[in-house]
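Trainee: Start from chain E and add chain D according to the hints.
Residue numbers (my numbering), protein chains in the order written: chain E, 19 to 236; chain D, 3 to 244.
No lab work stands behind these hints, which were simulated from the structure alone.
Each residue gets a CB set at the ideal place from its N, CA and C atoms; glycine is no exception.
It cannot be assumed that every hint is accurate.
When the alpha-carbon atoms are kept at most 30 Å apart in a straight line, the in silico DSS-like pairs for lysine-lysine are as follows [stated by the list, open to error]:
| no. | chain 1 | residue 1 | chain 2 | residue 2 |
| --- | --- | --- | --- | --- |
| 1 | D | K5 | D | K64 |
| 2 | E | K204 | D | K150 |
| 3 | D | K149 | E | K135 |
| 4 | E | K204 | E | K135 |
| 5 | E | K235 | E | K204 |
| 6 | D | K149 | E | K204 |
| 7 | D | K159 | D | K149 |
| 8 | E | K224 | E | K135 |
| 9 | E | K135 | D | K150 |
| 10 | E | K220 | D | K234 |
| 11 | E | K146 | D | K204 |
| 12 | D | K242 | E | K71 |
| 13 | E | K135 | D | K204 |
| 14 | D | K33 | D | K185 |
| 15 | D | K234 | E | K135 |
| 16 | D | K184 | E | K86 |
| 17 | E | K204 | D | K234 |
| 18 | D | K234 | E | K169 |
| 19 | D | K5 | D | K159 |
| 20 | D | K242 | E | K146 |
| 21 | D | K242 | E | K235 |
| 22 | D | K149 | E | K67 |
| 23 | D | K149 | E | K220 |
| 24 | D | K159 | E | K209 |
Listed next, with one range per pair, are the computed distances between beta-carbon atoms [claimed, not checked]:
| no. | chain 1 | residue 1 | chain 2 | residue 2 | range |
| --- | --- | --- | --- | --- | --- |
| 25 | E | D91 | D | E190 | 25 to 33 Å |
| 26 | E | E234 | D | E235 | 12 to 20 Å |
| 27 | E | H72 | D | T28 | 39 to 47 Å |
| 28 | D | H24 | E | I63 | 24 to 32 Å |
Far from chain E, some chain D residues (derived; all Cβ distances over 10 Å) [what the hints assert, rightly or not]:
| no. | residue |
| --- | --- |
| 29 | K5 |
| 30 | S46 |
| 31 | A127 |
| 32 | S154 |
| 33 | S195 |
| 34 | I229 |
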Amino acid sequence: MEIKLKNYIAPGKVIGFVHFPGSFAKLNNNKKISYITDEMFHQNISVQKYLEKHIPSFSVEKFEQACKMTLFDQSVLSRCVCHLSKTEMKKLRLVEGLLLNSETLVLVNFERGFYGKSRNYFQKLFLKLTKYGKCIIFISNDLEFLMGITKTVFLFTSEQVLSIDNYYDSRFHDWVDLPDIISFVKMLRSKGIGMDEYIERKEVLKAIYRSVTSGEKL
Amino acid sequence: MDKKIQFLDVGVSVKNQLIFEHFDFTFHEGKSVCLIGSEGCGKSTLLSAVQGICSFHGDILKDALVRVVLRPISANCTISDYFHFSTLSLEQQMFVQEFLHLSTFDYPILKLNPVFLIKISILEAILSHPAFLFIDDILGDFSMQEKKDLFSFLHRKHITVFYVTSNMEDTLLFSYLVVMGKKGICMEGPTLSVLQEEKIMKRLGFSLPFYVDLSLQLRSYGLISNIYADEKELVSHLWKSN
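Isolated chain E, as found in the complex (with noise of 0.2 Å):
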């Protein structure tokens, strides 16, 4: 683990555990991991050769159900890996884990790539994931993303690493950039707008709502 992420784990970056398998020795221990990264495939051989490849019991009922849950499309399954767009490439890798059915998926920088929609559906995804016993670990600097999947992350600073568990500690401050909701919350706090430390977007516009036709002010 610690070598496969050597590349991966830098300052500011922020790992965030879905499901905490219950300790780091059993993480270690662990024999079905499985690595979506954020590298290209450079290999060229086609989609179905490779999983054919990579997966002992490979069995197209479960492909397609994969292929389902990740949003891949499975029409590409002729088409060389090494053609596949990015987030195509993120896709495969975790239908792979999926077949595997690897116990601990590790994302690395995951969320890159993708918009909004797809964004939501992965998080919602992932959390499903976790119900059916999945651990899943992100390395990420995109708090925003980490934000909707889990309430404690690990923060790489140069010297040690934290555990955080509210996207309002200011100890993320030096090391990743903090979503402009948090950025604007904690600015209208500062200036004495009465505001909780929300998360999501609905709540922060009902509280301006609340607070501008109240009449409070700055």
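Mentor: Chain D only, in chain E's frame:
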């Protein structure tokens, strides 16, 4: 004379599978552009076509020097060796120094953090002073301030940028936005005007940048009359009467 790059009905197919088609656009010098598009619609492939590493149909007419940055650099040597630093002119050496802000160039490239790997890729592309620079969606490790600094630097050097992104907040760094689909351009125009097409944007699967989304909602409640992409402006207009 206005230098430009013209995309004339450009399309790419791989093994009889369509990636995208009917991309028509004229990219003018001095007018940087941000491109977004749904996943797999061919944004990176378009840049590969510009770079000439993927075959396409239609025409891409260039009347100025163009460079494309598709991925971070990977080289097993120092920065100094990579750029043959001693052979660079004094002007080029100063350019490198100004861009990288490093005290020494003897760092092994493999030990640099992702931001520097990408900055070196960009540096390699701009050392030849291209008029146009295409950058793929590779700035995910950059902070917003680092992105602002990068685009400001390129602007100062009169390099017109065509930037592909999946981060909707990045769109606000550009005044012109192009939305690409598999069948060509879905929408284009001044960034805030395009983003205000809330229904179309959501139907295409995009979320809106936080301040734009908030402004649109607040406008629908009658609390403000304009769309603000800046927090200070938004706050001053919201609580102005108080």
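Trainee: All hints, please: hold or fail.
Mentor: Evaluation of the provided hints:
1. D:K5 <-> D:K64: holds, 8 Å
2. E:K204 <-> D:K150: The hint holds at about 22 Å.
3. D:K149 <-> E:K135: Holds - the C-alpha atoms of E:K135 and D:K149 are around 24 Å apart, at most 30 Å.
4. E:K204 <-> E:K135: holds, 27 Å
5. E:K235 <-> E:K204: OK: E:K235 and E:K204 at ~16 Å, within 30 Å.
6. D:K149 <-> E:K204: holds, 23 Å
7. D:K159 <-> D:K149: holds, 15 Å
8. E:K224 <-> E:K135: It holds: about 23 Å lies between the C-alpha atoms, which stays within 30 Å.
9. E:K135 <-> D:K150: holds, 26 Å
10. E:K220 <-> D:K234: With a Cα-Cα distance of about 20 Å, the restraint between E:K220 and D:K234 holds, given a limit of 30 Å.
11. E:K146 <-> D:K204: holds, 24 Å
12. D:K242 <-> E:K71: violated, 64 Å
13. E:K135 <-> D:K204: Status holds; Cα separation ~8 Å.
14. D:K33 <-> D:K185: Holds: D:K33 and D:K185 sit about 24 Å apart, inside 30 Å.
15. D:K234 <-> E:K135: Since the Cα atoms of D:K234 and E:K135 sit roughly 28 Å apart, the hinted pair holds (cutoff 30 Å).
16. D:K184 <-> E:K86: holds, 21 Å
17. E:K204 <-> D:K234: holds, 13 Å
18. D:K234 <-> E:K169: holds, 29 Å
19. D:K5 <-> D:K159: holds, 16 Å
20. D:K242 <-> E:K146: With Cα atoms ~45 Å apart, D:K242 and E:K146 exceed 30 Å; violated.
21. D:K242 <-> E:K235: holds, 9 Å
22. D:K149 <-> E:K67: violated, 39 Å
23. D:K149 <-> E:K220: Within the cut-off at roughly 28 Å; holds.
24. D:K159 <-> E:K209: The hint is violated at about 39 Å.
25. E:D91 <-> D:E190: 25 to 33 Å: For E:D91 and D:E190 the Cβ distance comes to about 26 Å; the hint holds.
26. E:E234 <-> D:E235: 12 to 20 Å: holds, 19 Å
27. E:H72 <-> D:T28: 39 to 47 Å: holds, 44 Å
28. D:H24 <-> E:I63: 24 to 32 Å: holds, 31 Å
29. K5: Nearest chain E Cβ is 30 Å from D:K5, so the label holds.
30. S46: violated, 7 Å
31. A127: At about 19 Å from chain E, D:A127 clears the 10 Å cut-off, so the statement holds.
32. S154: At roughly 17 Å from the nearest Cβ of chain E, D:S154 sits farther out than 10 Å, so the non-interface label holds.
33. S195: holds, 19 Å
34. I229: holds, 15 Å
Of the numbered hints stated above, those contradicted by the structure are hints 12, 20, 22, 24, 30, listed in ascending order.
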